[in-house]
Amino acid sequence: MVGKRQARVGRFDVAAALAARALPGAMTPLIEQARLDAKMILERASGRAPSPLIGEQAEPAPLREVDLLSILPRAFVEKLRSAERDVRMLTGRLILGKNPSPLIERSRPAAGAVVSLPRKTPAMTRPLKVTDVIRETDDAVSIYLTEADGSALEFRPGQFLSVDVIIDGERCRRAYSLASACMAGTPRHITVKRIANGRVSNHLNDTIRVGDELAVLGPSGNFTVEPRPVNERHLVMIAGGSGITPIMSILETILRLEDRSRVTLIYGNRSWKDVIFRDRLAALRDEVGDRLIVDHVLEHAPEDWSGGRGLLTRDVLEGRLDALGIQDDGLQRYFLCGPTPMMQAAHEALQARGVAANRVAEERFTRPEEREGAKGSSEAELVMISRCGHEHGIQVEPGQTILEAALAAGIDMPFSCAMGGCGACRVRLTSGDVRMEEPNCLSRAELEQRYVLTCVGRPHAQSSILVEGA
Amino acid sequence: MLSDKVLDNLPQEVRRRVEPYVEAVQLMTQTSNAKVLRSMAPSGIRGLILQRGKQGVPTKMPSHHRVYFDWTYPNDHPDMRELYTRAKEQQWNGDDLPWHIDVDPENTEKPIMPRQFMAFDDLRDRGIRLTDLEERRLNSSVASWMLSQFLHGEQGALFAAAQVTEAVQFFDGKLYGSTQVVDEGRHVEVFHRYLDTKLNKLYQINDNLFVIIDALIQDSRWDVKFLGMQIMVEGLALGAFGTLYQMTKEPLLKELLRMVIQDEARHVHYGVLALRDHFRHELSDSERREREDWAFEVALLMRNRFLSFEVYEEWFEHKLTRKEWAEFVTNSPGFAVFRQVMFKRLVPNLREIGLLSDRIKPHYDRAGLMKYFDGQSARELSGDQMIAELDAA
Ligand code: FES
Ligand SMILES: [Fe+2]
Ligand SMILES: [Fe+2]
Chain G
1 MVGKRQARVG RFDVAAALAA RALPGAMTPL IEQARLDAKM ILERASGRAP SPLIGEQAEP
61 APLREVDLLS ILPRAFVEKL RSAERDVRML TGRLILGKNP SPLIERSRPA AGAVVSLPRK
121 TPAMTRPLKV TDVIRETDDA VSIYLTEADG SALEFRPGQF LSVDVIIDGE RCRRAYSLAS
181 ACMAGTPRHI TVKRIANGRV SNHLNDTIRV GDELAVLGPS GNFTVEPRPV NERHLVMIAG
241 GSGITPIMSI LETILRLEDR SRVTLIYGNR SWKDVIFRDR LAALRDEVGD RLIVDHVLEH
301 APEDWSGGRG LLTRDVLEGR LDALGIQDDG LQRYFLCGPT PMMQAAHEAL QARGVAANRV
361 AEERFTRPEE REGAKGSSEA ELVMISRCGH EHGIQVEPGQ TILEAALAAG IDMPFSCAMG
421 GCGACRVRLT SGDVRMEEPN CLSRAELEQR YVLTCVGRPH AQSSILVEGA
Chain P
1 MLSDKVLDNL PQEVRRRVEP YVEAVQLMTQ TSNAKVLRSM APSGIRGLIL QRGKQGVPTK
61 MPSHHRVYFD WTYPNDHPDM RELYTRAKEQ QWNGDDLPWH IDVDPENTEK PIMPRQFMAF
121 DDLRDRGIRL TDLEERRLNS SVASWMLSQF LHGEQGALFA AAQVTEAVQF FDGKLYGSTQ
181 VVDEGRHVEV FHRYLDTKLN KLYQINDNLF VIIDALIQDS RWDVKFLGMQ IMVEGLALGA
241 FGTLYQMTKE PLLKELLRMV IQDEARHVHY GVLALRDHFR HELSDSERRE REDWAFEVAL
301 LMRNRFLSFE VYEEWFEHKL TRKEWAEFVT NSPGFAVFRQ VMFKRLVPNL REIGLLSDRI
361 KPHYDRAGLM KYFDGQSARE LSGDQMIAEL DAA
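Here the protein sequences line up with chains G and P, keeping their order. Number 353 in our numbering belongs to position 353 of the first sequence; there are no gaps in the numbering. Number 94 in our numbering belongs to position 94 of the second sequence; there are no gaps in the numbering.
If a hint is listed, it holds; no wrong ones were tucked in.
One side of the interface only, derived from the structure: several residues of chain P facing chain G at Cβ under 7 Å:
no., residue
1, TRP99
2, TYR203
3, GLU310
By construction, these hints were calculated from the structure, which means they are not laboratory data. Keep in mind that this is a model prediction, so the values were computed, not measured. All C-beta atoms in this analysis are idealised placements derived from N, C-alpha and C, irrespective of residue type, glycine included.
Go ahead and model the full structure; you've got the sequences and the hints to work with.
Below you can see the structure in the form of structure tokens.
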């Protein structure tokens, strides 16, 4: 009876229902008619004409459903019902030997449709203490950090921190590599270079002070090496500008912990005064001798400059590799970090020399301005998460990432950098549509296998994801 | 006792049906103070006989207290004002607990309750052998049961705190009371969320707990509400929370309890402040005696009757008698600790508010509770101290 009101049950209805129950079933239609007639007359008499429109009349309650108690005063009926329940309880236990269920059973949504309402996302970051601030060049600053309790940060060489800075009320998240050697007792630091119009890098360069707190996630990332003292290897590294930071960490760690390994670094910068870690590299070179070769390449070189000149293009790189006499011996590992055109050029140059792709590791830092934000759906979307054999539905609000919504719902999700840079939050999309911020760290192969990153992924339709290996 | 003999001679199936009623009648006939009996009996019938809490519909309880207004807004109780300030400063948000932690009730490394909580050997002696998995499940059932009772108790506390806020005659007390209402609401929130999203198992309210809540919600006298809620039920809660806090290895629950205990410590403190002077100076002797007996009855109810019968009904109804189950639970190490922690908190508070006169002492002594007489009352003990004490134990 969609759309029809049910009329209030009145005296006549109850009388009719009583009669219908008392008299033989054959009489029921008669009684039913009598009830309607009586009602009509009564309503007319009291000045209420039936509605002239079809479908507007209230439907009378069906005779057999008329509740005989309904004309009694409400309070009285409630007492009566309560007494009825009491009696049922007693007879149940004493006569039928049935206890009420000790458990509270509530109707649950169908399996797999348990939906958590969106709640506030728990803070993902933790505060680190700034213990020292050292200016490296005119526009780069090193920030030394410890955990809030003063203990040293745990990390692997080459990993980065996601740093959250609130600027004008807006949260900005950026990745900064830890540039220190990964050894006990070595203070940990990140190095932040000013970027033209870069909000966070300028903010940090201008304002960071000893004693401040920095909200971070991580360390994260797989651009790293495992130092082993027995190793004897040659690492070739190509860095451009602030791309030196993870490279510095790796090369110093390796040179200090692996006595027989060596490193060749091709390092491009705009000019001599822009070279981050210039003195540190020179000092290290004095210490380890020939095991470290640093080849500076300058875009604006002074007249008397004898080293490489120009941007790190493919030609320049090939020239430097030749000049340094680097022959690929099939074992060397290559580490690249710098601006996108440099990385592209390096890949091409190495490929041309027959270096297998699996020996080339790279770290991409994209400028936030280049990132393409993926806008999520404009409505809340349902995302089913299966994890450890359990299914859980969450509501992802517009503006939320899947990761944020899942954490808010109390689901233990894997993640580390929360900015699409490390792959820790990778899950498989089993149905639906999820869009991610680009670029991110997923490879083409991973994309083809329908992997998505929850930390930068937003649903565009109802979707299902599978958390693997949890 | 006569009825025990009668019970023993009944066929098993008949016994199972009538045992709860016999218990209820025994309980009521043991009450010696006629006034107490008169005020508690209707609640006893509603809770124990009619099991109103388990009828599967919302329970509607009339309440008969007077709402006390004061249009002059006096600064009438500096201690309560101080408590109000502290309560405001110590507010916390249930969302901030580490809800991301995965809870597996059957995990043996981070058990919600330790293995030794129940005396499984004792069960074995009674002819019930449980497999390893069953033991773990029983343990986690008892944990769910306890937490469910906490939740039901918190619902009672929420409404009682609201009533008490209406009825109390100190204006500073009313302000303080408003924070307690918020606290209790938050407790309902976090316990429910824990049970609902982590344990997925919710037990019905225990009949005896229902009786206590029913009695104090319906009582028209504000001080009885206070006594029931702020001293007795909060004492029970502190005992139970403290025990579980001490024993659990489950990090989310531990953190949850740590936060809740700090709130509850304030609540009991408030009860002590409000009742101390009132009981000492405002009440006639017979009125005070009645409160004293009332508190004693409720204490016994909590000690003797808070025994996971709902778990019994789920697991052992056809294998053990209720009496055997009651013995088993009473003797289990976990419940022994629980009783101890509870009375360690409760008895000094009763002393402090003047409900442990020489007249009643022998009764407490017989119940083995006098050894807690010299402990610190809530007035002398902050939530932080309580937590530190539990951590050290
Ligand atoms: S958490 Fe690092 S990519 Fe998502
Ligand atoms: Fe509470
Ligand atoms: Fe409380």
